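Residue 454 in our numbering sits at position 296 of the sequence shown, with consecutive numbering throughout.
Derived by calculation from the structure, the hints in this document are not laboratory data. No experiment lies behind these values; they were computed from the predicted model shown. The reader is advised that the hints may include incorrect statements.
[Said to hold, decoys possible] DMTMM-like cross-link-like pairs, simulated, lysine to aspartate or glutamate; straight-line CA separation at most 20 Å:
no., residue 1, residue 2
1, 249, 168
2, 249, 361
3, 249, 321
4, 249, 206
5, 249, 197
[Claimed, not checked] Simulated restraints, written as ranges between beta carbons of each label pair:
no., residue 1, residue 2, range
6, 320, 275, 52 to 58 Å
7, 324, 209, 46 to 52 Å
8, 276, 417, 44 to 50 Å
9, 386, 217, 51 to 57 Å
Built from N, CA and C at the ideal position, the CB exists for glycine as well.
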Amino acid sequence: MVTDPVGPADLYEVATAFWQSRMVAVAVELDLFSVLAPEPATLAGLCDRLRLHPQPTEALLNGLCAMGILTLDGDRYRNGTTADSWLDRAKPGYAGGMFALAGWQFPLWTRLRALLETGEPQGADAGLDFCPDTVALRRFVEAADARSARCGPALAGALDWTDVTHVVDLGGARGNVLAGVLTAHPHLTGTAFDLHAMRPLFDEHAARLGLTGRLRFRGGDFFADDLPPADVYLLGHLLSDWDDDRCAHLVTRAAEALRPGGRLLVYDTLIDPDRPHTNGNWVHSLNIQLIGPAGTLNSTGDCTGWLSAAGLTGVQVRTLVDTESLVIGTKPDRA
Numbered sequence: 159m160v161t162d163p164v165g166p167a168d169l170y171e172v173a174t175a176f177w178q179s180r181m182v183a184v185a186v187e188l189d190l191f192s193v194l195a196p197e198p199a200t201l202a203g204l205c206d207r208l209r210l211h212p213q214p215t216e217a218l219l220n221g222l223c224a225m226g227i228l229t230l231d232g233d234r235y236r237n238g239t240t241a242d243s244w245l246d247r248a249k250p251g252y253a254g255g256m257f258a259l260a261g262w263q264f265p266l267w268t269r270l271r272a273l274l275e276t277g278e279p280q281g282a283d284a285g286l287d288f289c290p291d292t293v294a295l296r297r298f299v300e301a302a303d304a305r306s307a308r309c310g311p312a313l314a315g316a317l318d319w320t321d322v323t324h325v326v327d328l329g330g331a332r333g334n335v336l337a338g339v340l341t342a343h344p345h346l347t348g349t350a351f352d353l354h355a356m357r358p359l360f361d362e363h364a365a366r367l368g369l370t371g372r373l374r375f376r377g378g379d380f381f382a383d384d385l386p387p388a389d390v391y392l393l394g395h396l397l398s399d400w401d402d403d404r405c406a407h408l409v410t411r412a413a414e415a416l417r418p419g420g421r422l423l424v425y426d427t428l429i430d431p432d433r434p435h436t437n438g439n440w441v442h443s444l445n446i447q448l449i450g451p452a453g454t455l456n457s458t459g460d461c462t463g464w465l466s467a468a469g470l471t472g473v474q475v476r477t478l479v480d481t482e483s484l485v486i487g488t489k490p491d492r493a
């Protein structure tokens, strides 16, 4: 992304950035990179297998080569390093879900002016409905896993987990972030708390990771149902989905469920006045507002305020990864 355009060529790159995004997104949708993972293939072979027209497909494949995502050896296309590591669905680090979800969001961005003029989200008006069916949920969790892939290992190194026994991830989807923490600290057990509909995907994922038993699922409504006790609560990429009152309510509920001495960890793409590069997260705020009525972008100051109001002490802000911030608060021990 060009962050400081200096001339027409740079502005042109900004104006057409969606071209490359859509090329990769459609290739992911076709599962092109998974098809190429076992062995390279010719243009004719790919067109036959994927039922594509050769002329535009040749342009797509060569464009992906120009981006460094594919390589061309003679007349055969193969995955480049990035595609091999992150875009092959069979690999544990699969990150293609973010492109699938971005493909769903793309039409919303054609309605940005309407959001600016009305303040109203554009999903329903654009005829989009992200229903919680199995396909949509799988697409969502793959995108969530890709977005937070580095967060689990980073959280595993952010605390001294020696005296921690159990961790709860509120809105933990299929448990991918939690799995990163548990893998690094074998003495821990964890619970992902999310909608009941998430359980089949969670069970499948936990079994694939070899964490069945240590990694558990609790289905319910985290605004209304009882929350399980824990030594650590994680609220990751969650508070940006709700208005201030609901954010404060969620933080308070999680704080109440903590055992004395327990810690609450909030991480998200927050605006941090001490880290100017987090101002790029304002773009993420527009995306959230296009999708739904309650979501917005929070600051580290918002989060520290909610944690302090919930009675947590020693509240501190840290860098987690890139533009992700981590806010930590501790529940006082009983007197």
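task: May I ask you to test the hint 46 to 52 Å on the CB atoms belonging to residue 324 and residue 209?
output: The hinted range 46 to 52 Å holds for residue 324 and residue 209, with Cβ atoms some 49 Å apart.
message: Is 51 to 57 Å respected by the C-beta to C-beta distance linking residue 386 and residue 217?
response: With Cβ atoms ~53 Å apart, the hint holds.
field: Pair hint residue 249 and residue 197, alpha-carbon separation not exceeding 20 Å
entry: 15 Å, holds
message: Just to be careful, I want the Cα atoms of residue 249 and residue 321 compared with a cutoff of 20 Å; is the pair within it?
response: 33 Å, violated
Pairwise hint evaluation, residue 206 against residue 249, where the allowed Cα distance is 20 Å at most: Given that 20 Å is the threshold and the Cα spacing comes to 25 Å, the pair is violated.
message: Against the 20 Å threshold, does the CA-CA distance of residue 249 and residue 168 hold or violate the hint?
response: 35 Å, violated
query: So the hint says 52 to 58 Å: do the beta-carbon atoms of residue 320 and residue 275 match that?
result: The hinted range 52 to 58 Å holds for residue 320 and residue 275, with Cβ atoms some 54 Å apart.
message: Looking only at beta-carbon atoms, does the pair residue 276, residue 417 fall within the given range of 44 to 50 Å?
response: Once the Cβ atoms are compared, 46 Å apart, the range 44 to 50 Å for residue 417 and residue 276 holds.
query: Is residue 249 within 20 Å of residue 361, Cα to Cα?
result: 18 Å, holds
Checked against the numbered hints given earlier, this structure breaks hints 1, 3, 4; the rest are met.
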